[in-house]
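Colleague: Dock chain B against the given chain A, drawing on the hints supplied.
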Amino acid sequence: MSFRSIVLAKQVPDTQNLTARAMKPDGTVNRAALPAIFNPHDLNALEVGLNLRDKFGGEVILITMGPWMAAEVVREALYRGADEAVLLTDRRFAGSDTLATSYALAQAVRKMGEVDLVLCGSQAIDGDTAQVGPQVAEKLGLPQLTFVQEIEEVRETGVVVKRTIENGYERLRAPLPVLMTVTSEVNIPRPPRAKLIMQYKKARAPVEVRIEAEREFENYTGVDRDEIIAKKTEERMAALRDQGLLLTEWNLERIEAQEERCGFAGSPTKVRETESVVLRARESKTYDPTEEGLKGLVEELADSRILG
Amino acid sequence: MPNFFEDNEDIKFHLETRDLEAIIRLQEEDFKEKGEFPYAPEDVADAQDNYRRVLHLLGQIAAEFIEPRAEEVDLEGPKLVEGKVVYSEGIAQALGRLAQADLMGMLLPRQYGGLNFPTTIYAMAIEIISRADASLMNIFGLGSIAETIDDYASEELKEKYLPKFASGEVTGAMALTEPDAGSDLQACRLKATEDTERDSWRLSGVKRFITNGCGDVLLVLGRSEEGSEGGLGLSLFLCEQGPGLRVRRLEDKLGIHGSPTCELHFDNKEAFLVGERRLGLIRYAMSMMNGARIAVAAQAVGIAEAAYRRAMEFAGSREQFGRKVRDFPAVSEMLTQMRVSIEAARALLYDTAMVADLFRGLQRQFDVAAKEEKKEIRGRLNKVKRLAGMLAPMSKYYASEMSIKVASDAIQVHGGSGYMKDYPVERYFRDARITSIYEGTSQLQIIAAMGGLTSGTFSAALDEFEFRGLQRPLKGIFGKLLRARKATESAISYIKKRGDSQYTDLKSSTLVDMAIDTYIGYLLLRDAELCKRKVWVAKKFIEDMLPRVEMNAKRVRSGARTTLTHFSTINA
Chain A
57 MSFRSIVLAK
67 QVPDTQNLTA
77 RAMKPDGTVN
87 RAALPAIFNP
97 HDLNALEVGL
107 NLRDKFGGEV
117 ILITMGPWMA
127 AEVVREALYR
137 GADEAVLLTD
147 RRFAGSDTLA
157 TSYALAQAVR
167 KMGEVDLVLC
177 GSQAIDGDTA
187 QVGPQVAEKL
197 GLPQLTFVQE
207 IEEVRETGVV
217 VKRTIENGYE
227 RLRAPLPVLM
237 TVTSEVNIPR
247 PPRAKLIMQY
257 KKARAPVEVR
267 IEAEREFENY
277 TGVDRDEIIA
287 KKTEERMAAL
297 RDQGLLLTEW
307 NLERIEAQEE
317 RCGFAGSPTK
327 VRETESVVLR
337 ARESKTYDPT
347 EEGLKGLVEE
357 LADSRILG
Chain B
1117 MPNFFEDNED
1127 IKFHLETRDL
1137 EAIIRLQEED
1147 FKEKGEFPYA
1157 PEDVADAQDN
1167 YRRVLHLLGQ
1177 IAAEFIEPRA
1187 EEVDLEGPKL
1197 VEGKVVYSEG
1207 IAQALGRLAQ
1217 ADLMGMLLPR
1227 QYGGLNFPTT
1237 IYAMAIEIIS
1247 RADASLMNIF
1257 GLGSIAETID
1267 DYASEELKEK
1277 YLPKFASGEV
1287 TGAMALTEPD
1297 AGSDLQACRL
1307 KATEDTERDS
1317 WRLSGVKRFI
1327 TNGCGDVLLV
1337 LGRSEEGSEG
1347 GLGLSLFLCE
1357 QGPGLRVRRL
1367 EDKLGIHGSP
1377 TCELHFDNKE
1387 AFLVGERRLG
1397 LIRYAMSMMN
1407 GARIAVAAQA
1417 VGIAEAAYRR
1427 AMEFAGSREQ
1437 FGRKVRDFPA
1447 VSEMLTQMRV
1457 SIEAARALLY
1467 DTAMVADLFR
1477 GLQRQFDVAA
1487 KEEKKEIRGR
1497 LNKVKRLAGM
1507 LAPMSKYYAS
1517 EMSIKVASDA
1527 IQVHGGSGYM
1537 KDYPVERYFR
1547 DARITSIYEG
1557 TSQLQIIAAM
1567 GGLTSGTFSA
1577 ALDEFEFRGL
1587 QRPLKGIFGK
1597 LLRARKATES
1607 AISYIKKRGD
1617 SQYTDLKSST
1627 LVDMAIDTYI
1637 GYLLLRDAEL
1647 CKRKVWVAKK
1657 FIEDMLPRVE
1667 MNAKRVRSGA
1677 RTTLTHFSTI
1687 NA
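In order, the protein sequences belong to chains A and B.
This note's numbering puts the first residue of the first sequence at 57, with every later residue one more than the last.
This note's numbering puts the first residue of the second sequence at 1117, with every later residue one more than the last.
Because the hints were derived from the structure by calculation, they are not lab data.
C-beta: ideal position from N, C-alpha, C; glycine also.
Check before you lean on any hint, since a few could be wrong.
[Stated by the list, open to error] Okay, derived cross-link-like pairs now, DSS-like style, lysine-lysine, Cα gap no bigger than 25 Å in a straight line:
| no. | chain 1 | residue 1 | chain 2 | residue 2 |
| --- | --- | --- | --- | --- |
| 1 | B | 1670 | B | 1613 |
| 2 | A | 195 | A | 218 |
| 3 | A | 288 | A | 258 |
| 4 | B | 1613 | B | 1602 |
| 5 | B | 1280 | A | 111 |
| 6 | B | 1274 | A | 257 |
| 7 | B | 1150 | A | 257 |
| 8 | B | 1369 | B | 1602 |
| 9 | B | 1612 | B | 1602 |
| 10 | A | 195 | A | 326 |
| 11 | B | 1128 | A | 257 |
| 12 | B | 1602 | B | 1490 |
| 13 | A | 195 | A | 167 |
| 14 | B | 1280 | B | 1200 |
| 15 | A | 258 | B | 1150 |
| 16 | B | 1148 | B | 1274 |
| 17 | B | 1521 | B | 1499 |
| 18 | B | 1521 | B | 1656 |
| 19 | B | 1148 | A | 258 |
| 20 | A | 258 | B | 1612 |
[To be verified] Covered stretches of chain B (in silico footprint by chain A; criterion: 3 or more residues with CB under 8 Å from a CB of chain A, positions within the stretch not fixed):
| no. | stretch |
| --- | --- |
| 21 | 1215 to 1225 |
| 22 | 1589 to 1598 |
[Said to hold, decoys possible] Now the in silico label distances, taken between C-beta atoms and shown as ranges:
| no. | chain 1 | residue 1 | chain 2 | residue 2 | range |
| --- | --- | --- | --- | --- | --- |
| 23 | B | 1435 | A | 81 | 25 to 35 Å |
| 24 | A | 297 | B | 1153 | 35 to 45 Å |
| 25 | A | 88 | B | 1592 | 37 to 47 Å |
| 26 | B | 1445 | A | 77 | 32 to 42 Å |
| 27 | A | 112 | B | 1435 | 53 to 63 Å |
| 28 | A | 81 | B | 1647 | 34 to 44 Å |
| 29 | A | 147 | B | 1480 | 49 to 59 Å |
| 30 | B | 1647 | A | 343 | 48 to 58 Å |
| 31 | B | 1435 | A | 240 | 35 to 45 Å |
| 32 | A | 111 | B | 1148 | 32 to 42 Å |
| 33 | A | 271 | B | 1490 | 44 to 54 Å |
| 34 | A | 277 | B | 1490 | 56 to 66 Å |
| 35 | A | 195 | B | 1187 | 44 to 54 Å |
So here's chain A without its partners, still in its complex pose (with noise of 0.2 Å):
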């Protein structure tokens, strides 16, 4: 008994870290002062996977979709003992919503050929809609499993799971495949192994490569600038291929995916507005610390349904 999981990942902005440089002043996100990290519900999903590995062997396969700068989450993950992970980047991914989005990493799971489990967070601590992974299994015709709290049994006739629901959980039993969703609740997602970080810190991704390349020939002008960066590229991937460092990465044509599905033209979600809400405190009322002003303090809260 073996089990083949795909990990799907994202990069987020780390809201749960938030300083007063995080948003800007017109109310949107400050990315420059939000590092970016690997989705902790993600690392959840990812550890799921890694942990029937090590129990009962086959393999973990991560995907993320992003731009460049989401080959973090690739190394992240072979820092955790992944055995592959795929960055999943193009231009033309970029104003995916959830549906676009869905509809690529569907894809991309398709080309990994047979699987077990596809393995998400529940959500994305940035969007926060939970909505991909759930239209993932839609797309692939998979059973799909939200908001796993606890696993407690996987065979290669089926899972039986604890899934979260409103003041309890209920428990069900799917066949495989299946795409599970997961909380926070189901693990403790391990750390990054030490030689695996050493071992990976240089690998890097062909779009990386080639924007470093770009970066070092920012101030050339000579008519062969392109030409120069193309070769350095190719040097520098070939060495890099040779090392086992160079990063596998997917674009459009790689998961055969229709263009107009994809990105802006794939996203029927469209932000007519934001509103920058500041919450103010106007009013305040105290209570004192007697039982009769506790009282008046829980009554006041329950009325307020801030309790019960």
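Modeller: Chain B only, in chain A's frame:
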């Protein structure tokens, strides 16, 4: 995200500014493992980058995983259940986490699954861990046991045990102390008898106060030469936990509650000889102790760092008389002295660790060198060996006494709150208190350091510093340093001229204090050349230190020996 490496500018300062090249080259033997192991570095910069990344990882685990469990670990402690020691939950979890992250074999060679890091980086790791939970260091820091196996045991033993140490599958213990052999290890009595049939040994006797004595692999000092007395009759043995070895009791201690301190009973326990007979104490245990001294110094610095940070935090938020307590000069002075003494101890610690690395690297180079090359290396090796022999005890002595003082002052800064269990500073104080006792008491460290003072190693070490073209205010600082040096050297020559061994012993702590003050002054001046803030650290240290050194010089030269002549009168 909290990270005990990234938030510590002073550790980073040492990592970035110390010249590690010579050490890295010796450690990596000209990068011969590049290509053989995918995680071996290809050059000096690559190795340094590895250190940074791994310390980042460790700093994150320390801050996010270990520190939040420390209070519970302190309350819970280990338990002895049907002869088996059970770690407190937080310790077990932390060890598991460190093993998952490949951090349990930092010192070991790659061929056994280790990271092949130098002691200097390992000391930084110990400091970071100890800041999170000092008691965890006692198990993590026992990595020097594996190093001793690596240095002296047979290939067979190495192959068998080192990979398990590196993966974190086993932990170790060094069983030296006995009920009647504490500081005086030559008095060890645990009996070792050769079992020629099985090509092994049998151990019988008792070991006491053994840190992590429940560990899976123990290095045990035993009397292999029947009827012998003294250190030359002792050999070092390796044995595994199991039948014939029993943890008879767990000590109930003042601090470091997460670390089990065991009394061990050996009953005809099978064990294997490490290295050669008779060298157990004089060579192997001594070398193990040198590593352990650096580890304890690092532990002490880590505890002090934790205590100081809490004190700063409290003093910056607590208000009395309408002011933050931090702003009262008496408190400002305390906080400043805490900070300066931590940085002083850290400078000495990493200087010591680097010398230890240099020594170990040169020793290795010497062992495999051809005859003509040996000559060349020998001179340097001996010099470094003498320096390491002086600095390790100095570092352990200074850091541990500093840690106790800083933790005590952290309580003081908190006032009544500090005495309550609601705040962690009382735990830091209890944890710090052991550091001046185990792995050789302060009094023994002083004796060990004295040799370096009277033999000229101390003065030679100061001569190595080159301060050229100093500008103000560094020039002024250097002037004061020279006065401290002069006072110290005159006290040393007074003692030597007097030639009264009892008097020397009586004044040795005063002398060693002077020497450490002066040496650290040199280190801080060196750092001040590299960093503006450090100018003021050096200035403050030397302002406080020079009057102390001059006073100490007077005490040494006073000839006062009342303690010796009238001990029984006063202590009647």
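Colleague: Just pull the numbers of the violated hints for me, sorted ascending.
Modeller: 6, 8, 12, 17, 20, 22 and 24
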